[in-house]
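Undergrad: If you follow the hints, you should be able to join the two separate chains into one complex; please do so.
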Amino acid sequence: MPTTKTSISTTWASTARAWIWLCLLFVVAGCSRAAPKMEGVVLRKGGWDPAFVAEFGKTMVMNEGRVQPVSTLASYTLYAVHGRRDVQFETADGQTTKLSPTEWLLDAWCYPEQASHYPLFRIENVSVLDALGIHHDGQGQRFEYLTYARLLESGEKLEALMEKIDGKAEAQRSPVERHLVLLWRQLLAYHRMHRLVDSLQVPLRLEGDELKTLFGGSERIPLTAVLRNVGSFRDYVRSVGDDFAAEKHGNLSQVLSFLQEVSRTTSGALLLPPTQAEGITWHSFGEVLGGALTGRMPLDPSYVAMMAHLETGLQAETLGDRQRHLLDYKRAVEVAAKGRVGTDTVETEAYYYTANWHFHAMMTFVLGFVLACVCWALPKSRLLWWASAVTTLVGIVLLVVDVWIRCLVTGHPPITRLYDTFLFIGGVAAIVIVAAEFLMPRRILLALAPFLGALLIFLARLFEVADGRDTMQPLQAVLLSNFWLGIHVPTMNIGYGAGVAAACVAMAWVAVRALGLDKSPQQSLLKMLAKVTYGVTCFSLATGVVGTILGGVWANDSWGRFWGWDPKENGALLICLSQIALLHARMCGMVRDPGLVLWSIFSGMIVVFSWFHTNLLGVGLHAYGFSGALHDGVWISYSVLLSFLVLGAIDLIARPNVAPASETLAAAADAMS
Amino acid sequence: MSAADPVTAPSVPARSASPLDFVVAFLSSMKLSVVLVLLLALLTWLGTLAQMDNSTYAVQQLYFESWWLVAKLPVSVWGRHWFDLQIPLIGAYPVMGLLFVNLMVGGLVRMKWNVRNAGILITHLGIALLLVAGFVKMHYSYAGNLSLYEAPADGQGAPGRVYQSSRFVSFHDFELALMVEKGDQVEERVVPEHVLWPARLPAARLPKGSISGPGEVVTLMPDGLPFSLEIRDFVDHARAVPKGPRVDSPCESVDGVVLLPQSWPPGQQPRSEAEIAGCYVTVLPKNGAPIRGIVWGFPRLPFDEARYPFAFTVDGVRYGLDLRHVTRELPFAVKLRRFQKLDHPGTMSPKDFRSYVTVVDDAGAQDAEIFMNNPLRRDGFVVYQTSWGPQPRGGPPWYSVFEVSYNPSDLWPMLACFVIAFGLLLHFVMKLMRFLESTTYTTLQKE
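Those sequence lines, one after another, are chains A and P. 1 is the number of the first residue of the first sequence in our numbering; add one for each residue after it. 674 is the number of the first residue of the second sequence in our numbering; add one for each residue after it.
So that you can see chain P by itself, here it is in the shape it has in the complex (with noise of 0.2 Å):
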């Protein structure tokens, strides 16, 4: 039977086995491949039903970015649903490990070196390249948004907008900047958002799903100033609102604002990266009364970048504090020369939107488009188009939004995907050929 020809024989060795050997032929062995492909395609399907309530990010961190988890089968059958099952599994990380592990082992290495198993050897490889392009984006990639105005023609920006900008601000990731003033400068120290996690509400004064902690309070001591922080009621997607008799916050307000924790409404798939954190700070001077305040992470791309920080003053020193997205720099500037949006024709729906661009950088000016499937490559990083303002009546003023990310294995899922399609087509061909020569196709066509 040609359908299950031996392509690798994991014998185990005839002499007296060492656990070595006991270990190789165990990660190399196909059986393991069965199951970690089950296992990884259980987590896929659980992580893809677990998106109608989870945002897309939430997801992927939980079961495909974790060593293990507990996945939530909702039971439902024609559209009714009865009831959720609990179920613990490993994470999709430690499978694809072993999977890399095991690939190597069994389907490269040990696996017969001859022309009959060519295609197979080389569409293997190709998936390695995948796995490892994959591990590589997971740690060593970053993302980020960058929002610019039309640059005016006549060059009179109007106060506030930014027409040009190097820096991008993170989807996700959130941190906490300490400003000191310091005659004409500022110094910033930067604590990056996990810092603050233990401060975070615990569930009960949460809404129904949202990310939970311990609700500790976290003291930041910065060196050689005269005060400490302490940082209350972390929550990750939350409203800074007035208080009024309306407003229903398990927090308390400060200076007739309060935080108001914020949910998703149901039927609606949460988006993370449209969620903004919040927190209560008291500034504890080691001489005078506590200073408190609320710090809210709200996003003003592509307005003024300058900020408006929750500002104090301790001994005659100016001081301020800023939750914000986590920003970075690119090695260059953008700016946005004009803005253009197609309609398909009497209908609002975009054909196309695209910005024509100027980078900036030590060597000189240089002009781009950047459009949907047309993105700006330069220096390690990669600038997309990914969405216009203001929507949805438009511009004048446009403002253009694009997505800057740094990944350093950008392209090889590219080189990955020629290399299987050659080794599969190469051992398909030659399968059927094979076939066509064999006995079972003679006898058939004679019958």
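Isolated chain A, as found in the complex (with noise of 0.2 Å):
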């Protein structure tokens, strides 16, 4: 029956057509931004070159407990302090500006008056500019940037309010004060940063003919010199004594408040490898120079050659100079930190921000679904269902491949933290669903699995952005155990991966029915969908099942107890408890499939409790996911799911048949086409 052949494609072709063009509005949307414009003047003369970008990008710094390039600890400040990937901005002369992390990060050390001009501090909500007293012209869009150098002539005004906050509660907090809590913590990410080298952006002004004679005669001096002549300078200041004030000792007072100030600073990255044979902990400038001035800690000289480089390439005259001494910084600290615990992934971690396989995979994933759909639209062609199939295929290739390398950066395997759940979580959806294409090729399958994972990989560098936290961190203690972390998270995790998709399924299939796209005879292609949920369903219960008990047998070896009924224990057994509940009621019959569909989807919103909510609730011995971030994104999903499962059940009491009259007319249409 020809007829009936032309309406199926058109109906799949308009279809596809919608899909396409939705993805293309939303790449316009997402690229069509107006850069906020920056305030002050450039002073930089020129780029940085992109090879020494990538080259200083690797210098070594300790943060948080472990090793990491610079580029690293560049990309989470911003995206603490700034919420995106880059800086953008306009300059006076209209000229729009892209930095990327370390080369904002190389500004803020180098040319730290600039750095302070860009607009970085995403306001969303005026009434906060007007308890912070800074003038403004109402919104004038949806939210607008604040600079380092506005936001700190606020910061006494701030940290006052700071303090009549942090007396209440979190969940009593107004929008405004939760927004300025975040204000003065990414005002804190910024200035930690800053602070790393401040004491070395400027030569220390000397006084007083003593105190010059001491340091050679001259008037300015680096502050690596004062490290150079420690002795005869402590020896200076001991026959001082207590007179250091007077006017014969120029401003010797101020100098020694200067150290002092600066040998406190010893919070934030540690920018020191240690000298002695078995050292692991880092030392921060402050701490050396502290410890050179008083004598606690011997000097040793690689830390004035070190010091010194950074110190000429922070304040060099010209970029290239800058550049060329940053870089024997580099090398200096590389050299010295040679064969040190943890120092050995540095490379392969840079090398994994660079060449950001997940990034990749993401695109691949859109370039299979969009291949998939032209597939719906020309239903005849096997090229383009092999097309697709082998591009998903290949991007799931890359997603492990990036799992992978941060397995061998973080020396763990792949699930440590939320933030790499979503990756695995996407892969496993991806490779389930793909499965299910190649039992049962009937192409829907094929655009569902590339959506699914290139939307996970999208979710989680928008998770990894918001959240602004290092995604390596070290683990605390009780997840310090290869073993289990091996065998019962990637366990629980595949578990989750497979309800994902199994819901998802469950939704194609709401929407199958909804938007009429089954028109075959017998409904064979909605009979399948609910074949494929009730398969993926089992096959979740199966692993979910297995991880939930591993895990009860590791906390019974680090907690004490197999079973603790805590928030994160039980959201792995409720997704269970509801499958097991689905299995049987599909098995006696107490529903059939449209009832197993529905409630897959609802067993999907049992897997977002699971996987968020239960960090979001703040207790248990399990939350160590909390994030602000979240908590939408939780409720965006549950609305999602809903939405579908609201959708679904009027279809089914609008339309409780959409088959074919009868069976034998079926049967005949079958025959005659």
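Take the hints with a grain of salt, since some may be wrong.
[Unchecked claim] Pairs of lysine to aspartate or glutamate residues, derived as DMTMM-like cross-links and limited to a Cα-Cα distance of at most 20 Å, are as follows:
| hint | chain 1 | residue 1 | chain 2 | residue 2 |
| --- | --- | --- | --- | --- |
| 1 | A | K527 | P | D827 |
| 2 | P | K1024 | A | E39 |
| 3 | P | K1104 | A | D593 |
| 4 | P | K1024 | A | E278 |
| 5 | A | K168 | P | D726 |
| 6 | P | K1014 | A | D593 |
| 7 | P | K1024 | A | E64 |
| 8 | P | K810 | A | D557 |
| 9 | P | K704 | A | D593 |
Don't read these hints as lab results, they were simulated from the structure.
TA: Shown next, in the form of structure tokens:
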């Protein structure tokens, strides 16, 4: 029957076209963003050399308990401060500049004045500006950006506000207060990064002849000159005694209080590798300076050389000189840190973030999805089916490579933080659905697999920036068991991933039915989707049950109880219970295909609850992934799943029968076509 | 449709059904399983949400170890709280009991014993084992704390510090001990906490959310002693403080000290193991004036085990009263030789903390290491590394905190896990094989 065939392919083709347009719209909307204005003057003549930026990005620092490349420090500081992956602004001469995190860090270190005028701190509510006493002309756009310089002017006011807000419980804070807390944290994050080197940014000014003679008669000396002459300087200070404020000693008292201030700055990243034989902990510049001045810590000559390179790099006249000296600094650190604990993965980590495999995986998935949509429009083409399937498989391989490199860097199995679960679950969901497509090739799953893969990588990237914390941070003691991390966590997350996949196939069922896309006789497409939902749910249950019990066995070895009714444990149990009930209900005929499908969507909501929402409750031993950025994500996921659930239910009640009038008629149609 | 293969057929017998048949059919029905599993899911969900403002221990007792309860559902959408719904429900205890019966009758005994069902039968067996393990754990296991100071190398211990002990104290349970001086010895008589519960303060006199009671006077008559005891104003979470003008307590002061009921600040999850009970006692001698006092169960470990009881003298004999955590004996003693804590470099967050201990019993002494994920299992007891001190600065002198638990079903869940994994894998593989051989698959592949 040729007419039926045409109508099938036109419906599918129009659906495919609608999808492609929608995607294009999103891409265009994402790209067209007006850059905010930069306020000050651009001091840096010319841009950083990309080769230099890549090389300098590999400089080792120790931050939050591990050695990492400076590019990682720059990225996560920028995410925390700015909430974006790059800094974009329009300078006074109308040129749009875009800086990578490392370039931004270099600007903040080498051209602090210029960098302090970058529009960075996002303000979404003018009441925040009012609270800080910053003048504004109402909200021009949906949000605007404050600069570090402007925010610093209101720093004291913000600090005073913080003291008041600190006394309030999280739940009792108003939106403006929460915004202020966020702003305060952003300011601190910027400050920490900025202060790492700020004592080295300008030369030390000397007054008084005795002081000047001590340092070769110059009026301005680099701070490292103090380190070089620390012995004679200390003797001089001792000889002065309590009399340091006297006029003949010039500005000695100022110099001393400055040095004391610098010595106290020991928080944040640590720039100097240990020099003792078995040393693991790195040192801050302040610690080394303070130790040398007081004589508590013997000064290692390599530190003086390292700091001198850095100092000259920060202060040199030309951009080329700065780059050269900063590279010298990088190499000096490398030589000193060679063979130390945790330094062997820094190259790999820098490579990991530059290569960005999961981004490529995401783009490959998008391509696979588009190909699958085109495949809907041209149902006869085997070539397109294979093209899309292979593209999706390539995407999966890229994602696996990404996760594998992460494992190499962290030295742990694939999942150690909430961030990892996005990538892992995205991969699992894509693999499960592709497998189903290969078993039952009906093209619809062909689109679903890359869609889910791309979506979850996209969410991972959103989460990474919104959270603004290093995703490879060292783990707390209880988690440091690669055996359990390697078997419990992946098993559990395969269960989650399959649960997500089942819910998505079920949503496809709802969409196909509601849009009337299944014109096949006997609704074979819908039946197939229901069957896949059932199969994937079985798989999810099997891994989920085993994973949950394994978790209990682990807990029994670490916390002294198999089961403690902790929120995360309960969440995992809830998924299992819902799926157990579903499978038994299906078996004894309490529900049929429609019930199975809607129930699977509901189970999907439970997966969201267990995966994220339990972390947001802020209680329990498992609450190590807390983040405010998740909150909206959780409720958006609930809403999407719930709307499909409601839509499916309405569709089923309104049109209980969409099947062809009788089996014989359908069979006849089948025979004729 | 292979999705709905009839695994069990709880068919109603054709002959006239006796009441027993009916009961068996009901207990073995798969519909009952569905209902029970859903009920358990509902309880689990509500019990999870309840932990936002109750301690895990309290929730566990109310939701998962009770026969029935009135559950609270906080209706909040997108972070905004609307109202609380009160839902009466049967507790997880009877639900899991029924589920066990249902599983045994319907999922094991009455299920068809054939190759096709082998995987499912094995899985059901594993789940049953898991439920039994939970039952045994709930009824026969107990746990507590053991804190020890690092023993000094020279053997010269500081007075008042515990370096070796075979006693551990319960996390939650209190007892009231009466000590009678008998020459060089002390005789102890112990009353468990629940005897004192009728003396709990009424809700009106306590902070919101506290455990309350009728506020009665509990009278204790020690056998053969020349006095009786009256217990008043029992508070589960209290602090004994000097009575000052700014101390606002519903209780009265005794010798300038008052019992002050405590509550957890909003937004903070209560930790019931950190709550300390206290109450007022009045000693009524047969001849003589009443003596009043306060007993408060402040734990002193890892310091001297010698307690500081409320002491009084009647007819020339000295007595002591002490409210304390229930103390239990281990069949061996643990001595902390060395404690070691490693931080992630440049931070305060611990990467590893472990205790080097010596276990001493009649047979001799043995060295062992206890750290995270590596407990010491011995004589049916398990000793875990849980914490360290003094926090946050650390030692020396260091002390180490262990959790000690006695659980006969300790390793059963691991066994159950193997059984279930094997059963599910078997079933999954068999099902996949059947599907690949089925016509559905072959026709789909041809399309």
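Undergrad: Can you give the numbers of the hints that this structure goes against, from lowest to highest?
TA: 1, 2, 6
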